[in-house]
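Mind assembling these two chains? They're in different frames, but the hints should get you there.
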Amino acid sequence: MFATFLITIFVLAPPTGVRAYDRPDDGGGAITIRWQLSADDALLEGYEIHRSKDGIDYEKVGFIGKSRTAYDDEASDDNILMNNKSYYYKVVALLDTLRAFSEASQPAISSPQWINRKKINIYVALIIFSAIILSFTYQARRGKKFFIRRISGLQAIDDAIGRATEMGKPILYCPGIGYIEDIATIASLNILGEVAKKCAQYDTKLINPHLDPIVYTVAREIVKESYTKVGRPDAFDPDSVYYITDLQFAYAAAVDGIMLREQPATNFLVGWFRAESLILAETGASTGAIQIAGTDQVSQLPFFVTACDYTLIGEELYAASAYISKEPLLLGAIKGEDQGKFVIGIILIAASIIGLLTTLPILSFFE
Amino acid sequence: MKKTLPLFLVLILGVAGTLTYLFPHPAIVNSDTFFRNEFLRVLAGFALVLGLGSLLKVHADKIRRKRANWQYSWILIVTFVITSFIGLFGGIEGTGPLPTRIGNFPFDIWTIYWNVTVPLGATMFALLAFFMASAAYRAFRARSTEATILLAAAFVVMIGVLPLGNSISPHLPSFAQWIMDVPNVAGQRGILFGVALGGVATALKIILGIERAWLGGGKE
Numbered sequence: 000m001f002a003t004f005l006i007t008i009f010v011l012a013p014p015t016g017v018r019a020y021d022r023p024d025d026g027g028g029a030i031t032i033r034w035q036l037s038a039d040d041a042l043l044e045g046y047e048i049h050r051s052k053d054g055i056d057y058e059k060v061g062f063i064g065k066s067r068t069a070y071d072d073e074a075s076d077d078n079i080l081m082n083n084k085s086y087y088y089k090v091v092a093l094l095d096t097l098r099a100f101s102e103a104s105q106p107a108i109s110s111p112q113w114i115n116r117k118k119i120n121i122y123v124a125l126i127i128f129s130a131i132i133l134s135f136t137y138q139a140r141r142g143k144k145f146f147i148r149r150i151s152g153l154q155a156i157d158d159a160i161g162r163a164t165e166m167g168k169p170i171l172y173c174p175g176i177g178y179i180e181d182i183a184t185i186a187s188l189n190i191l192g193e194v195a196k197k198c199a200q201y202d203t204k205l206i207n208p209h210l211d212p213i214v215y216t217v218a219r220e221i222v223k224e225s226y227t228k229v230g231r232p233d234a235f236d237p238d239s240v241y242y243i244t245d246l247q248f249a250y251a252a253a254v255d256g257i258m259l260r261e262q263p264a265t266n267f268l269v270g271w272f273r274a275e276s277l278i279l280a281e282t283g284a285s286t287g288a289i290q291i292a293g294t295d296q297v298s299q300l301p302f303f304v305t306a307c308d309y310t311l312i313g314e315e316l317y318a319a320s321a322y323i324s325k326e327p328l329l330l331g332a333i334k335g336e337d338q339g340k341f342v343i344g345i346i347l348i349a350a351s352i353i354g355l356l357t358t359l360p361i362l363s364f365f366e
Numbered sequence: 000m001k002k003t004l005p006l007f008l009v010l011i012l013g014v015a016g017t018l019t020y021l022f023p024h025p026a027i028v029n030s031d032t033f034f035r036n037e038f039l040r041v042l043a044g045f046a047l048v049l050g051l052g053s054l055l056k057v058h059a060d061k062i063r064r065k066r067a068n069w070q071y072s073w074i075l076i077v078t079f080v081i082t083s084f085i086g087l088f089g090g091i092e093g094t095g096p097l098p099t100r101i102g103n104f105p106f107d108i109w110t111i112y113w114n115v116t117v118p119l120g121a122t123m124f125a126l127l128a129f130f131m132a133s134a135a136y137r138a139f140r141a142r143s144t145e146a147t148i149l150l151a152a153a154f155v156v157m158i159g160v161l162p163l164g165n166s167i168s169p170h171l172p173s174f175a176q177w178i179m180d181v182p183n184v185a186g187q188r189g190i191l192f193g194v195a196l197g198g199v200a201t202a203l204k205i206i207l208g209i210e211r212a213w214l215g216g217g218k219e
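If you read the sequences in order, they're chains Y and U.
Each residue of the first sequence is one higher than the last, beginning at 0 in numbering that gives the first Met the number 0.
Each residue of the second sequence is one higher than the last, beginning at 0 in numbering that gives the first Met the number 0.
Only chain U is shown next, with the shape it has when bound in the complex (with noise of 0.2 Å):
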């Protein structure tokens, strides 16, 4: 039973979620989407306190037993209680029974997104260019054939796009433009050929139960 209930609900649910592709009916569309979005977000919302209960259980033993940085996870527990109170009493924008503005300093969720939470994830967007700087290094030595090619065929679109590229030849950027749209084009789709059967093949194979590693392996 353990293992019969979800793979029969894998089934019905797997062979309905495609029913929308060809029947465009409203009660078929409308119960997918219910299930997509309504049903789904209150299985989140379950799901989420799991997680946030596992962040804190971590960080809560690895203050207890003092492992390595343990410092840092005080950092995590005191903003994480600090923000989770400004949300829930406070109000996205402040609207709250809870005052989140001190003069005209405001502290509303929507304030420390904007101000805390944005900044930082366009800083650690930002060291991608330094990381690639550095990926592009590994990948343009030219240690073997294949790498030889590449770092040839990336000269020759780097400086294709460039305006210098067109002062050097005229033909320069067609060339690197039908290294984009000709060889490039053509691996990706081989890849996405790949992919799409392999999408479906891994569907199928989970809807009739045939891979079970899901569910922790085992056939019975």
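So here's chain Y without its partners, still in its complex pose (with noise of 0.2 Å):
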């Protein structure tokens, strides 16, 4: 009863200061409102938002938790805000049944803009990284020899072909279950026209199944055009390459099948998987095989490293193509890739150690 009657008796404060303008740094469609908290702001439910086009006809659009400042009126299916047209806001302060307006905002008018500022520095750093990797491509191409660390996995590649080559039995080439679109699913293609080129050369055979048409598309014409390279283009084999099925689990069960019923010497699963990664490296691992394994999926290279003889892991996934075909060019490439990694590192070292110093006061201006 008695707080019934403060209530009623009660006289929200309305949040003040209410100003609204275009977000920016976006694609138009979008009014940032912002604003002072009601004086009354601990008691609150929370703020709404209300807009208008003319200024007297108010709408609700929205609704944030109290002790929040700002609120974006994004457009969407259920809110039709529209480019280069005047909106006016007003902030409603809003407890149970008691709602206290706050004064109407100035228009605001939502457009596109053609940069995002906030992704400059991104751009920057790109286009420097792009410029150290461009630098050592060009010495390459003015014959400089590059060094580059041994990666077991490669080396193990023409070991694993010759194995095949020696048993009489095919070797499979499993690009995962990426898109075309996928790094990883690009690098695989990439160490897929090395190995057809080796399999071409020791006439061994190659299968070579997928699940996404476009990649398998892609991978035919790699495949053959690598064929061509090493003078064995009537080696080739059209039916070595084919497509199975775009669901993830029947590909796995596919592809198991595969390892089961031809007995692969030599099993290459390079690209990007998922959770069907341990069912085919343990499958092939059942068979004997030796396997091969590559992929940038942080979360499924535990599986491959255990159940396979070699992990490509990360960026020596990437690196793989160069490693094998030796092309100069591809080798520079990666040396500057090297020495970007070399400067990012110094930074991290030389932010982290800023970071600690900005415990002592002296150094406070860092922070």
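One or more hints might be untrue.
Below, a list of computed lysine to any residue pairs in the SDA-like style, where the Cα atoms sit at most 25 Å apart [stated by the list, open to error]:
1. Y:223 / U:45
2. U:61 / Y:232
3. Y:223 / U:214
4. Y:52 / Y:80
5. U:65 / Y:257
6. Y:118 / U:69
7. Y:117 / Y:83
8. Y:118 / U:199
9. Y:204 / Y:118
10. U:56 / Y:262
11. U:65 / Y:167
12. Y:143 / U:206
13. U:56 / Y:247
14. Y:117 / U:147
15. Y:118 / U:192
16. Y:117 / U:192
17. Y:340 / U:56
18. U:65 / Y:158
19. U:2 / Y:230
20. U:2 / Y:231
21. Y:118 / U:20
22. U:56 / Y:237
23. Y:325 / U:206
24. U:65 / Y:166
25. U:61 / Y:340
26. Y:117 / U:18
27. U:56 / Y:325
28. Y:204 / U:192
29. Y:117 / U:32
30. U:65 / Y:259
31. Y:340 / U:180
32. Y:168 / U:38
33. Y:168 / U:17
Simulated restraints, written as ranges between beta carbons of each label pair [as the list claims (entries may be wrong)]:
34. U:92 / Y:100: 47 to 55 Å
35. Y:359 / U:20: 50 to 58 Å
36. U:118 / Y:353: 53 to 61 Å
37. Y:348 / U:169: 18 to 26 Å
38. Y:157 / U:146: 23 to 31 Å
39. Y:116 / U:41: 30 to 38 Å
40. U:167 / Y:18: 20 to 28 Å
Calculated directly from the structure, the hints in this document are not laboratory data.
Positions of the beta carbon are idealized from the N, C-alpha and C atoms, including for glycine.
Right, dumping it as structure tokens:
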């Protein structure tokens, strides 16, 4: 009774200083509203955001909890917010049935921007990193030799293909379940080209099943070109590269079946993998095949390390094509990549040291 | 021309693909969305025809040559034809011209998906538990220093997340969490740095035509 009495005589303090403006660095269709908290903020349920086209008729377009001082009014299927049109906003303090309306904001107009200024720094870093890679590529073009450390997984490729040749058994190359836009899939296709060349040279059967029809189409051309490149176009079997299904576990079941029926001497599990990685790797291990795996999926790497003989970890997968082909330009690019990592490592160490030193009062300006 | 045109297209579209990151204007974003969604979908449609063609060809060849286990290829071809027929003429939920219901028994594509495809996929997924057990057995054999450290860390983490860990020592759960949060994350971040930079370098090599293995190799 007393609480009801209090509420009926209570007058809520509205939020003040409401400002509305076009949200910066976006493609339009969004207005940011800012305000100062109501004096009764601690008691409130939150704030309603009301919008008007003419400054007279307002409609509620959003709600945000108490102690918050900003809201982005974004266009969506349920919220029509046009670019290049004026909108007025009021912020309403809400407590049960009580509402306290703020003054209306100045009109705000949403418009698209051409450049996202927040991401310029990333673009600059990208340009610097690209310049480092290109400079090493240029040096490689001029004949400079670069040392690339030994990657045992890639050293083993020749042995693995040789073993299959001696045993008269096929090689299975599984590019994972990635799509053509995945960088791991592209790296895998690059390796496939080199593996196919060696298969063509040794006249070893290659089996290359696919999950994605676009990846299949590209892989088929790569394998065909590789056979042509080493002067064995007649040895290319169009049925060695084929599509199976676009379902993850159906694909895993099919590849498992190939491993058990065809008994490949070598399995390459190189590309983009998810939960099927262990299913494939364990089945392959049970057949006694040499297994060379590679992925950039950190969550799948432990499974491959456990069940495969060699594993290409993360960036080793990307470097594989250059490592196998020994193409000087590609080796130069890898060296550039290493230098880029070196620069980032230095920056990280410097930032960590500065971060630690900010605990000293004399260096607090670094904070 | 056979290689110049693809390289030119990759250069143009590769650079265009990065623009939306810096330029949020709808004119650029909508073009990018068109290529990534509509155009790629059309391309995938054509590729799917080629893909299914290859699948049928491989299995038809297997039957014709009576290769090992050729009988299973009949199962694939027959189920492929039946499912395609139901999908093409029965509609996704049985709304097409083909009647896909006998009494209370529906056999439209949606029913097939939920009652055949999903359980079979779940069955394969469930096998993962057994494969994990066998992989864990292999990984945790303490045959080297690294494997012993791995075994010890895994043992601490597994005990630490159980109520038993807390009853052994109240510090054990927080130590297990520390292993997950510090050495584990440090290792993962190291790999992710390499992956991120390697990804940029690979993209750059392909966009600029330095890496041409996807074209079958070669410089011409």
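Hints, verified against the model:
The suggested pairing of residue 223 (chain Y) with residue 45 (chain U) holds, with an alpha-carbon distance near 20 Å, which does not exceed 25 Å. For the hint linking residue 61 (chain U) to residue 232 (chain Y), the alpha-carbon distance of about 22 Å falls within 25 Å, and the restraint holds. A threshold of 25 Å between alpha carbons decides the hint, and for residue 223 (chain Y) with residue 214 (chain U) the separation of about 10 Å falls inside it, so the pair holds. A C-alpha spacing of about 10 Å is found between residue 52 (chain Y) and residue 80 (chain Y), which places the hinted pair at or below 25 Å, so the restraint holds.
Taking the CA atoms of residue 65 (chain U) and residue 257 (chain Y), the gap is about 17 Å. The hint holds against a cut of 25 Å. Under the criterion of a C-alpha separation no larger than 25 Å, the hint pairing residue 118 (chain Y) with residue 69 (chain U) is inconsistent with the structure, at around 57 Å. Between the alpha carbons of residue 117 (chain Y) and residue 83 (chain Y) the distance comes to roughly 23 Å, so the proposed pair stays at or under 25 Å and holds. Distance restraint check for residue 118 (chain Y) and residue 199 (chain U): the Cα-Cα separation of roughly 16 Å lies within the 25 Å cut-off, and the hinted pair is therefore satisfied.
Using a Cα cut-off of 25 Å, the hinted pair residue 204 (chain Y) and residue 118 (chain Y) is violated, with the two alpha carbons roughly 48 Å apart. About 22 Å separates the Cα atoms of residue 56 (chain U) and residue 262 (chain Y), which keeps this hinted pair within 25 Å; it holds. Taking the CA atoms of residue 65 (chain U) and residue 167 (chain Y), the gap is near 20 Å; set against the 25 Å cutoff, the hint holds. Under the criterion of a C-alpha separation no larger than 25 Å, the hint pairing residue 143 (chain Y) with residue 206 (chain U) is consistent with the structure, at around 23 Å.
As the CA atoms of residue 56 (chain U) and residue 247 (chain Y) are separated by approximately 22 Å, the hinted pair is consistent with the 25 Å bound. Proximity of residue 117 (chain Y) to residue 147 (chain U) is assessed by CA-CA distance (about 47 Å); at most 25 Å being required, the pair is judged violated. For the proposed pair residue 118 (chain Y) and residue 192 (chain U), the alpha carbon gap of about 19 Å is at most 25 Å, so the pair holds. For the proposed pair residue 117 (chain Y) and residue 192 (chain U), the alpha carbon gap of about 21 Å is at most 25 Å, so the pair holds.
Between the alpha carbons of residue 340 (chain Y) and residue 56 (chain U) the distance comes to roughly 47 Å, so the proposed pair goes past 25 Å and is violated. For the suggested pair residue 65 (chain U) and residue 158 (chain Y), the alpha carbons sit about 33 Å apart, so the restraint of at most 25 Å is broken. Proposed proximity of residue 2 (chain U) and residue 230 (chain Y) is supported: the alpha carbons are some 18 Å apart, at most 25 Å. A distance of roughly 20 Å separates the Cα atoms of residue 2 (chain U) and residue 231 (chain Y); the hinted pair therefore holds under the 25 Å criterion.
Restraint check: the Cα-Cα separation between residue 118 (chain Y) and residue 20 (chain U) comes to about 8 Å, which is no more than 25 Å; the hinted pair holds. At most 25 Å may separate the alpha-carbon atoms for a hinted pair to count; residue 56 (chain U) and residue 237 (chain Y) meet this at roughly 10 Å. Between residue 325 (chain Y) and residue 206 (chain U) the alpha-carbon distance is near 20 Å, which keeps this suggested pair within the 25 Å criterion. Of the supplied pair hints, the one linking residue 65 (chain U) and residue 166 (chain Y) holds, its CA atoms being roughly 23 Å apart against a limit of 25 Å.
Note on residue 61 (chain U) and residue 340 (chain Y): the hinted pairing is violated, with a Cα-Cα distance of about 50 Å set against a maximum of 25 Å. Taking the CA atoms of residue 117 (chain Y) and residue 18 (chain U), the gap is near 14 Å; set against the 25 Å cutoff, the hint holds. For a cut-off of 25 Å, the pair hint linking residue 56 (chain U) to residue 325 (chain Y) is broken: about 37 Å separates their Cα positions. At most 25 Å may separate the alpha-carbon atoms for a hinted pair to count; residue 204 (chain Y) and residue 192 (chain U) exceed this at roughly 37 Å.
About 22 Å separates the Cα atoms of residue 117 (chain Y) and residue 32 (chain U), which keeps this hinted pair within 25 Å; it holds. In summary, the hint linking residue 65 (chain U) to residue 259 (chain Y) is supported, as the alpha carbons are separated by about 18 Å, within the 25 Å threshold. Of the pairs offered as hints, the one joining residue 340 (chain Y) and residue 180 (chain U) holds, with about 23 Å between alpha carbons and a cut-off of 25 Å not exceeded. Restraint check: the Cα-Cα separation between residue 168 (chain Y) and residue 38 (chain U) comes to about 41 Å, which exceeds 25 Å; the hinted pair is violated.
In summary, the hint linking residue 168 (chain Y) to residue 17 (chain U) is not supported, as the alpha carbons are separated by about 44 Å, beyond the 25 Å threshold. At roughly 49 Å, the beta-carbon separation of residue 92 (chain U) and residue 100 (chain Y) lies within the given 47 to 55 Å, and the hint holds. Separation of residue 359 (chain Y) from residue 20 (chain U) is about 38 Å and departs from the stated range, judged on CB atoms against 50 to 58 Å. At roughly 57 Å, the beta-carbon separation of residue 118 (chain U) and residue 353 (chain Y) lies within the given 53 to 61 Å, and the hint holds.
Against the hinted window of 18 to 26 Å, the Cβ-Cβ separation of residue 348 (chain Y) and residue 169 (chain U) comes to about 36 Å, which falls outside the hint. In this structure, residue 157 (chain Y) and residue 146 (chain U) meet the distance hint of 23 to 31 Å, their C-beta atoms being roughly 28 Å apart. At roughly 35 Å, the beta-carbon separation of residue 116 (chain Y) and residue 41 (chain U) lies within the given 30 to 38 Å, and the hint holds. For residue 167 (chain U) paired with residue 18 (chain Y), a C-beta distance near 57 Å fails the hint of 20 to 28 Å.
When the structure is compared with the earlier hints, violations turn up for hints 6, 9, 14, 17, 18, 25, 27, 28, 32, 33, 35, 37 and 40 and for no others.
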